[in-house]
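Peer 1: Protein sequences appear in the order of chains A and B.
The first sequence begins at 1 in this note's numbering and counts up one residue at a time.
The second sequence begins at 1 in this note's numbering and counts up one residue at a time.
Since the hints were made in silico from the structure, they are not lab data.
All C-beta atoms, glycine included, are put in the ideal place defined by N, C-alpha and C.
With a Cα cut of at most 25 Å, we get these calculated DMTMM-like pairs of lysine to aspartate or glutamate:
#1 Lys429/B - Glu180/A
#2 Lys429/A - Glu154/B
#3 Lys97/A - Asp68/B
#4 Lys452/B - Glu356/B
#5 Lys330/A - Glu165/A
#6 Lys429/A - Glu165/B
#7 Lys399/B - Glu367/B
Derived, one-sided and incomplete: chain A residues facing chain B with beta-carbon distance under 7 Å:
#8 Glu2
#9 Met146
#10 Tyr169
#11 Ile172
#12 Val379
#13 Asp423
Distance windows between CB atoms, simulated:
#14 Ala404/A - Phe126/B: 28 to 38 Å
#15 Ile281/A - Phe126/B: 48 to 58 Å
#16 Asp201/A - Thr219/B: 52 to 62 Å
#17 Asp201/A - Tyr199/B: 37 to 47 Å
#18 Thr420/B - Asp201/A: 24 to 34 Å
#19 Thr202/B - Lys330/A: 37 to 47 Å
#20 Thr202/B - Ile440/A: 49 to 59 Å
#21 Ala404/A - Val58/B: 41 to 51 Å
Number of protein chains: 2
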Amino acid sequence: MEIKKVFLNQSDMPRQWYNIAADMSTPMQPPLHPGTGQPIGPDDLAPIFPMNLIEQEVSTQRWIDIPDEVLNILAIWRPSPLTRAYNLEKYLGTPAKIYFKDESVSPSGSHKPNTAVAQAYYNKVFGIKRIATETGAGQWGSSLAMATQLFGLELKVYMVRVSFEQKPYRKILMRTWGAECVASPSQDTNFGRKMLAKYPDTPGSLGIAISEAIEDTVTSKDTRYALGSVLNHVMLHQTIIGLEAQKQFEYLGTYPDIVIGCVGGGSNFAGVSFPFIRDKIYGKNVRIIGVEPSACPTLTKGTFLYDFGDTAATTPLLPMHTLGHNFIPKPFHAGGLRYHGMAPLVSQLLLDNLIEPQAYSQVKTYEAGLAFARSEGIVPAPETNHAIAAVFHEALKCKEEGVAKTILFNLSGHGIMDLTGYDSYLDNKLVDYEMPAEEIAEALKELESYPKPKV
Amino acid sequence: MEIKKVFLNQSDMPRQWYNIAADMSTPMQPPLHPGTGQPIGPDDLAPIFPMNLIEQEVSTQRWIDIPDEVLNILAIWRPSPLTRAYNLEKYLGTPAKIYFKDESVSPSGSHKPNTAVAQAYYNKVFGIKRIATETGAGQWGSSLAMATQLFGLELKVYMVRVSFEQKPYRKILMRTWGAECVASPSQDTNFGRKMLAKYPDTPGSLGIAISEAIEDTVTSKDTRYALGSVLNHVMLHQTIIGLEAQKQFEYLGTYPDIVIGCVGGGSNFAGVSFPFIRDKIYGKNVRIIGVEPSACPTLTKGTFLYDFGDTAATTPLLPMHTLGHNFIPKPFHAGGLRYHGMAPLVSQLLLDNLIEPQAYSQVKTYEAGLAFARSEGIVPAPETNHAIAAVFHEALKCKEEGVAKTILFNLSGHGIMDLTGYDSYLDNKLVDYEMPAEEIAEALKELESYPKPKV
Numbered sequence: 001m002e003i004k005k006v007f008l009n010q011s012d013m014p015r016q017w018y019n020i021a022a023d024m025s026t027p028m029q030p031p032l033h034p035g036t037g038q039p040i041g042p043d044d045l046a047p048i049f050p051m052n053l054i055e056q057e058v059s060t061q062r063w064i065d066i067p068d069e070v071l072n073i074l075a076i077w078r079p080s081p082l083t084r085a086y087n088l089e090k091y092l093g094t095p096a097k098i099y100f101k102d103e104s105v106s107p108s109g110s111h112k113p114n115t116a117v118a119q120a121y122y123n124k125v126f127g128i129k130r131i132a133t134e135t136g137a138g139q140w141g142s143s144l145a146m147a148t149q150l151f152g153l154e155l156k157v158y159m160v161r162v163s164f165e166q167k168p169y170r171k172i173l174m175r176t177w178g179a180e181c182v183a184s185p186s187q188d189t190n191f192g193r194k195m196l197a198k199y200p201d202t203p204g205s206l207g208i209a210i211s212e213a214i215e216d217t218v219t220s221k222d223t224r225y226a227l228g229s230v231l232n233h234v235m236l237h238q239t240i241i242g243l244e245a246q247k248q249f250e251y252l253g254t255y256p257d258i259v260i261g262c263v264g265g266g267s268n269f270a271g272v273s274f275p276f277i278r279d280k281i282y283g284k285n286v287r288i289i290g291v292e293p294s295a296c297p298t299l300t301k302g303t304f305l306y307d308f309g310d311t312a313a314t315t316p317l318l319p320m321h322t323l324g325h326n327f328i329p330k331p332f333h334a335g336g337l338r339y340h341g342m343a344p345l346v347s348q349l350l351l352d353n354l355i356e357p358q359a360y361s362q363v364k365t366y367e368a369g370l371a372f373a374r375s376e377g378i379v380p381a382p383e384t385n386h387a388i389a390a391v392f393h394e395a396l397k398c399k400e401e402g403v404a405k406t407i408l409f410n411l412s413g414h415g416i417m418d419l420t421g422y423d424s425y426l427d428n429k430l431v432d433y434e435m436p437a438e439e440i441a442e443a444l445k446e447l448e449s450y451p452k453p454k455v
Numbered sequence: 001m002e003i004k005k006v007f008l009n010q011s012d013m014p015r016q017w018y019n020i021a022a023d024m025s026t027p028m029q030p031p032l033h034p035g036t037g038q039p040i041g042p043d044d045l046a047p048i049f050p051m052n053l054i055e056q057e058v059s060t061q062r063w064i065d066i067p068d069e070v071l072n073i074l075a076i077w078r079p080s081p082l083t084r085a086y087n088l089e090k091y092l093g094t095p096a097k098i099y100f101k102d103e104s105v106s107p108s109g110s111h112k113p114n115t116a117v118a119q120a121y122y123n124k125v126f127g128i129k130r131i132a133t134e135t136g137a138g139q140w141g142s143s144l145a146m147a148t149q150l151f152g153l154e155l156k157v158y159m160v161r162v163s164f165e166q167k168p169y170r171k172i173l174m175r176t177w178g179a180e181c182v183a184s185p186s187q188d189t190n191f192g193r194k195m196l197a198k199y200p201d202t203p204g205s206l207g208i209a210i211s212e213a214i215e216d217t218v219t220s221k222d223t224r225y226a227l228g229s230v231l232n233h234v235m236l237h238q239t240i241i242g243l244e245a246q247k248q249f250e251y252l253g254t255y256p257d258i259v260i261g262c263v264g265g266g267s268n269f270a271g272v273s274f275p276f277i278r279d280k281i282y283g284k285n286v287r288i289i290g291v292e293p294s295a296c297p298t299l300t301k302g303t304f305l306y307d308f309g310d311t312a313a314t315t316p317l318l319p320m321h322t323l324g325h326n327f328i329p330k331p332f333h334a335g336g337l338r339y340h341g342m343a344p345l346v347s348q349l350l351l352d353n354l355i356e357p358q359a360y361s362q363v364k365t366y367e368a369g370l371a372f373a374r375s376e377g378i379v380p381a382p383e384t385n386h387a388i389a390a391v392f393h394e395a396l397k398c399k400e401e402g403v404a405k406t407i408l409f410n411l412s413g414h415g416i417m418d419l420t421g422y423d424s425y426l427d428n429k430l431v432d433y434e435m436p437a438e439e440i441a442e443a444l445k446e447l448e449s450y451p452k453p454k455v
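Looking at chain A on its own, in the form it has when it is part of the complex:
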């Protein structure tokens, strides 16, 4: 019998997160105040986040202890398995050895609970009673609903209206885990009421939903805001993925030549890759590939600038690769990758030449995802299909060159709550959005006036 899967014992779970800021040659640049454009410090963030998370956000300490209370909850589904994709290798006829870290085994079906649980815990410890957040397709909102429920916190989720209506199951899932979920724009905030008065039929947007959640946070008692990606502390919490994978490869007596993750805001990519990037910084020969949609090509076509996190331009300015906060991506299925910016840490790693970006168009990603589902059983999330498209590319290159590289990718989530893209693909009706050169040029032109970080 082949070794298909490596589990770790719970006793082998990592006890510390890895903070890559400690190993970066270029120090991270501070966020800027949205009004004054001046660098902001921890105190400026205090109305939005609890101070213990702000401390993690600005920390340069290499290893940060994972509290037992967090480990006890993560142990519901962690350590997650590392699985060898033998059948996919056969299907591709490649000499490459393909492994995936399976984050689809969490109760909400993705990597999102890794940080949701940590954030709920730190809010609880800090005395916060209630969290407000936004969600697009619903992955983040449902993961945080589970986490806040397990720690006895209240949660209010502002869900982009079009998803709220199209994805009733995500909404019920949040409700099952005890969260209140409303369509955004809602009647519950000033900003929401203003938007509804002006655009009664608006489908909503992530930008509007973020603005509502932040307004809710600063106007409600004992409430803080939580974000599912982009920020440093979110990347930190996700590193448990790569740290586990390293132990699993150690058990196998091997090490990956290539590590691949899809990138939207950057968190699952950071989770699987940062521990390997650390090895690379210290001399290991490993390629790290971040994969984005060619219809939202932040890393491959965007510019490194200070930009807002939200469309309404209310968040602090972050130094990141961006297509501009006014950029509205086309409605491709991978909702988790429809973000105009990129995590500052991931952006800096690109500048430091530690990661390679690749971009694939939608049809190519579903082609890869379907082949994966039909050879390895698990139906991947639309976002994950981007990572798999890059795996195909690299594994077929191995075939051409006759080299047996070891490839690791992060299976960031399953797709069984997001199946309509597969249906369209099988009907040959899937639209292949590409961002035209003139649109990219226009976006970049608008960006010329944005504040420039020191490079």
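Mind docking chain B on chain A? Use the hints.
Peer 2: Structure of chain B alone, referenced to chain A:
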């Protein structure tokens, strides 16, 4: 850190299934021919099933080797974890130690692939190219779609029309795994066309769908039929659940006092319990509880008789507890438990006083399932909620009596593709179907004319 979860290494996976027929004091009675009422042998089943599965169906060999090809596929998600429900224990304030075997981690989200993979393999080895089956809510159809795809077989699924229309995601899931799925009754069989002509607006039924799948099987080339529960070989394939659990308890140095599973056709219950029933037969003190809906009380209110497996009365007659093949259960959410009969093996074990049946009504099961989701994170399937209702009952008895019993239950599947019941429960709109005494009396009266097995 608490030990939350016990994994097994892949090398510790059971290499043999356990066949309880070898240890039963009462030999199993043969199925009868639907036309003649005479006992039938292996050859009579040959047009429906491949001979290697028929051999398993009638085998009394205690241990049956699991082929490597089957183990390699099961290893996509197996061994499944055994998890301690600490938070649920706290919620209930019980001294009981509650463990669950987590079958929700399979790619289709339930225990069904354990037998789907085995059945696809044996059909493949026997030279079969194509399988026909029926599905109600879609769990079985999608699990078999995955399995047939992985072994390169074609699959046609006749899905009960009302589910086909209400559960489009299950249909897309089957399609993603390469199966053809049609609403039943369909235009593709004589029986289907006849039904449509007579009742153009019929919602369909499992009985009609079985009849269509069997007609398809016997009229198509290189095609066989597959069933997801009830039959002996299905129970056999599921015993990997309990065999793994035994190894996991051995690792913990403990043993359950009570083993609990929900029962519809009987397969997940058989899977978790048969290896423990073996220990009980050989003197171990362990209670085994099968939990059914009080709206379909086959074990608690039905009679042990020869009955048909389908509504159309075309299958062989099986000796089992039944409410009569004309019994149409009320539309409660746990679709997998809406079956008039019971696996012959499970029925015989009840006659032999080796298992205890319990019945719970729908609201009680959702109350338990919701509390589980909110304390342990995983949202259980509506079927699984029945097992959890019994766990509550037993754990609260432990609290009353001040005894710290060890309880194992089978988390047969997750509910994230079947969430509407939770929504209704939270809206206080969930209907509590009970089978009225006069209806039970009526059903039992009709059963008086059925052939009686020797007891």
